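Novice: Heads up: the sequence lines are chains A and B, in that order.
At position 215 of the first sequence (counting the first as 1) the number is 215 in our numbering, and the numbers step up by one without a gap.
At position 66 of the second sequence (counting the first as 1) the number is 66 in our numbering, and the numbers step up by one without a gap.
If you are wondering where the hints come from, they were derived from the structure by calculation, not from laboratory data.
Since this is a predicted model, take the numbers as computed values, not measurements.
Some chain B residues well away from chain A (every beta-carbon gap over 12 Å; in silico):
hint	residue
1	Gly82
2	Val126
3	Leu204
4	Leu296
Taking lysine-lysine pairs in the DSSO-like style, the calculated list, with each CA pair at most 30 Å apart, reads:
hint	chain 1	residue 1	chain 2	residue 2
5	A	Lys215	B	Lys133
6	B	Lys133	A	Lys431
7	A	Lys212	B	Lys133
8	B	Lys161	A	Lys157
9	A	Lys115	B	Lys161
10	A	Lys188	B	Lys133
11	B	Lys161	A	Lys160
12	B	Lys133	A	Lys157
13	A	Lys219	B	Lys133
14	A	Lys151	B	Lys161
15	A	Lys227	B	Lys133
16	A	Lys325	A	Lys309
17	A	Lys288	A	Lys64
18	B	Lys161	A	Lys383
19	A	Lys401	A	Lys325
20	B	Lys133	A	Lys151
Note that CB positions come from ideal geometry on N, CA and C, so glycine has one too.
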Amino acid sequence: MQASPQFSRPSFRLSAIAAALALAGAVSTSALAADNGKYRIGIVTFLSGAAAGPFGVPAANAAKLAVEALNAGKLPAPYGKKGINGIEIETVIIDEAGGATKQTEEFRNLVQRQKVDAVIGYISSGDCIAIAPAVEELGVPTIFFDCGTSKVFETVKNPKFLFRTGLDAVVDNVAAARYIAETRPNVKSVASIQQNYAWGQDSWNDFILAFKQIKPEVKVVSEQWPKLGQGQYGAEISAISVSTPDLIHSSFWGGDMEALMLQGGARGLFDKSVAVLTAGETGVEHFKANVPNGTVIGGRGPFGAFAPKNALNDWFRPAFTAQFKEPPTYPAYKMVQAILGLKAAAEKTAKAGAMPTAENIVQGLAGLSFEAPSGTVIMSRSKGHQAVQSVSFGEYQFDAKSGKASVAKVKTYAGECLMPPDGSNAADWIKAGFPGAKCN
Amino acid sequence: MSLRNCFSSPTEPALLLAAAVFAAGAWLMPAWLAFLLTLALAKALVVLGVVIQMRAGLVSFGQALFFCIGGYGVGLAAQYLGIGDAFALLALGTVAAILLALACGWLLTRYREIFYAMLTLALSMVLYGVLVKSSALGSTDGFNVVPPSFLGWVPEGDARKRTMYLLTVLVAAVVAIGFHRFMVSSLGRVTEAVRENEIRVDFLGISPQGVLFVNYVAAAGVSALGGGLTALASGHIDPDMAIWTTSGEFVFIAILGGTGHVAAPFIGAIVFSVIRTFAIQEAPHFWQMTLGVILLALILFLPKGLWSLVARDRKREVEA
Chain A
1 MQASPQFSRP SFRLSAIAAA LALAGAVSTS ALAADNGKYR IGIVTFLSGA AAGPFGVPAA
61 NAAKLAVEAL NAGKLPAPYG KKGINGIEIE TVIIDEAGGA TKQTEEFRNL VQRQKVDAVI
121 GYISSGDCIA IAPAVEELGV PTIFFDCGTS KVFETVKNPK FLFRTGLDAV VDNVAAARYI
181 AETRPNVKSV ASIQQNYAWG QDSWNDFILA FKQIKPEVKV VSEQWPKLGQ GQYGAEISAI
241 SVSTPDLIHS SFWGGDMEAL MLQGGARGLF DKSVAVLTAG ETGVEHFKAN VPNGTVIGGR
301 GPFGAFAPKN ALNDWFRPAF TAQFKEPPTY PAYKMVQAIL GLKAAAEKTA KAGAMPTAEN
361 IVQGLAGLSF EAPSGTVIMS RSKGHQAVQS VSFGEYQFDA KSGKASVAKV KTYAGECLMP
421 PDGSNAADWI KAGFPGAKCN
Chain B
1 MSLRNCFSSP TEPALLLAAA VFAAGAWLMP AWLAFLLTLA LAKALVVLGV VIQMRAGLVS
61 FGQALFFCIG GYGVGLAAQY LGIGDAFALL ALGTVAAILL ALACGWLLTR YREIFYAMLT
121 LALSMVLYGV LVKSSALGST DGFNVVPPSF LGWVPEGDAR KRTMYLLTVL VAAVVAIGFH
181 RFMVSSLGRV TEAVRENEIR VDFLGISPQG VLFVNYVAAA GVSALGGGLT ALASGHIDPD
241 MAIWTTSGEF VFIAILGGTG HVAAPFIGAI VFSVIRTFAI QEAPHFWQMT LGVILLALIL
301 FLPKGLWSLV ARDRKREVEA
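Chain A with its partners taken away, still in its complex shape (with noise of 0.2 Å):
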């Protein structure tokens, strides 16, 4: 088919097209832009994908309480005062799914088209590196959550507006290899089964490094690397089983990691093995008698089974699972905890009744000690954007009688002691023998 030969009608019509497009993107911020009067948040965790059923909806829940609770004005001292510096927050829930590059242009239509006032999100460490250069450019007060690779700040050296209020994953991992050390001193041989993929990879390398660090005499004898999803694990358990490791390693989370214990268990692969599962806690309500008493479990923390008695956490934790029918998880509990360093260090510093600015949350933020469900938590690395609090370990317990799981032998390790000073590599750190950690 040859072009036709009229020059006005298809040009003026391509431009015309163009024109519309950018005109109904002009048309839809302004109306958007409206100013409400209203603190508002930006929430981005994950609502669709395997990360959404164990981390992300419990995570979006919490802020869904929170808020209404802060709005109602209903927590417990010292967040008394009603929503955010007595402004009523308003919340904006954006889906964490769908690739870091997709998320960074939602994080900027965030700030730029929907004009929130600050953002708590990111469960992907992926997603995390993503976003921290962009946080700083737009310069709007971003707190990670949840995400846990150690490095974000490596990627923002000088962070102003970027706060993690959660811990990383480096921190876990020391905490799981000095429980195991000081429980089981008699383990000679380890065996690992993670995710392939960067999760997996960096938890597994900062484990037996750590781990190594304190038993040098440790044998690795089985390395698996099944893929994120998988389901299915039989031939990874029969060669972990041919193996007969004294301890199999797990940083798998969610679905494949009660997969995992399940198959596991029918098995008898943990007959004479014991599992240490860092992200083990957001299984505690659906293991029941499949997993077996005496598996080592971590929380990220001290969340959810973890979590020490206060007056957050009595209000939290009954509340959580009176209006979504099971107890929170660990993500549930780092969302509340983001969401009540913010308001925090909006009180700080802001005047009393007027809208907190940028300025004053990254003010108040930067080295602010805080109350949390968890306990208190201490904003003091890296420049005071990065949270320092303890990590427990313990045991799976299950009760066959009252069908109640809980977690047994627990020990918990101060920030200190489990995290590199400022400013060094946690890998050369461990390999340096943990030099200036101050455990008890």
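Got chain A; can you put chain B on it based on the hints?
Specialist: Structure of chain B alone, referenced to chain A:
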């Protein structure tokens, strides 16, 4: 000589005009829209690669391979070779992809239909697997790409994203005009003949495999350019760039836009991005469904893609 004679068809001034409108918009539109359009135009370049293969009757379910090569080419060169210039980085990524395409092309152009689709998919998943297992490159987390310089100039603040947007518009315009000429050239038209009747093309004395090979390499180059621009604009690369769902998205946008014209992938990509971002905003729990329903409706009522809206009108005018 009138202005009309300077161009081989009325499409070219139209494309230039559209590019000028987009470029002028850089100072008018909100920052988020400029960023969205940057990524959409970069994506459209990859879709263009899919479209020219579709015109030859081949569906590539692995175009993300070259998208990823382009992105990682830029990222690795910036990280390990210390190259900071956007143009040099883009050129490196594109050359890397073309070299790979020269090697793979000989194998792939022997296959047709589902075999071609599966083989392209397999190659992209090989790259995905390798990247996921590369801890040094950040595995699935990927790594960040530092903001580039532009011929020695390092813009700061708002100017940085605007320059990136203008570069993308420029590249998109040049590529669109280049591919338009390719599509209306005899070589470009033979690709359609290969789709319709390969044996006849062979008997006319033209090697269908040779035609497809050139087509494949051109598609690889333009896709890598899209990947490179995406890496520079978003400042981050990860193995998800190579996964098959990314390829699927490109095929989807190709179908959405249509294959009738060089502008179709650009319209498709922009419409897709706009619908997606507002679906995410308005229905955070159901955005995939919203997106799916809208796109399904578009395909039901416009089976030849969004471009048929333009083409249909044009045909009516000619008949009238």
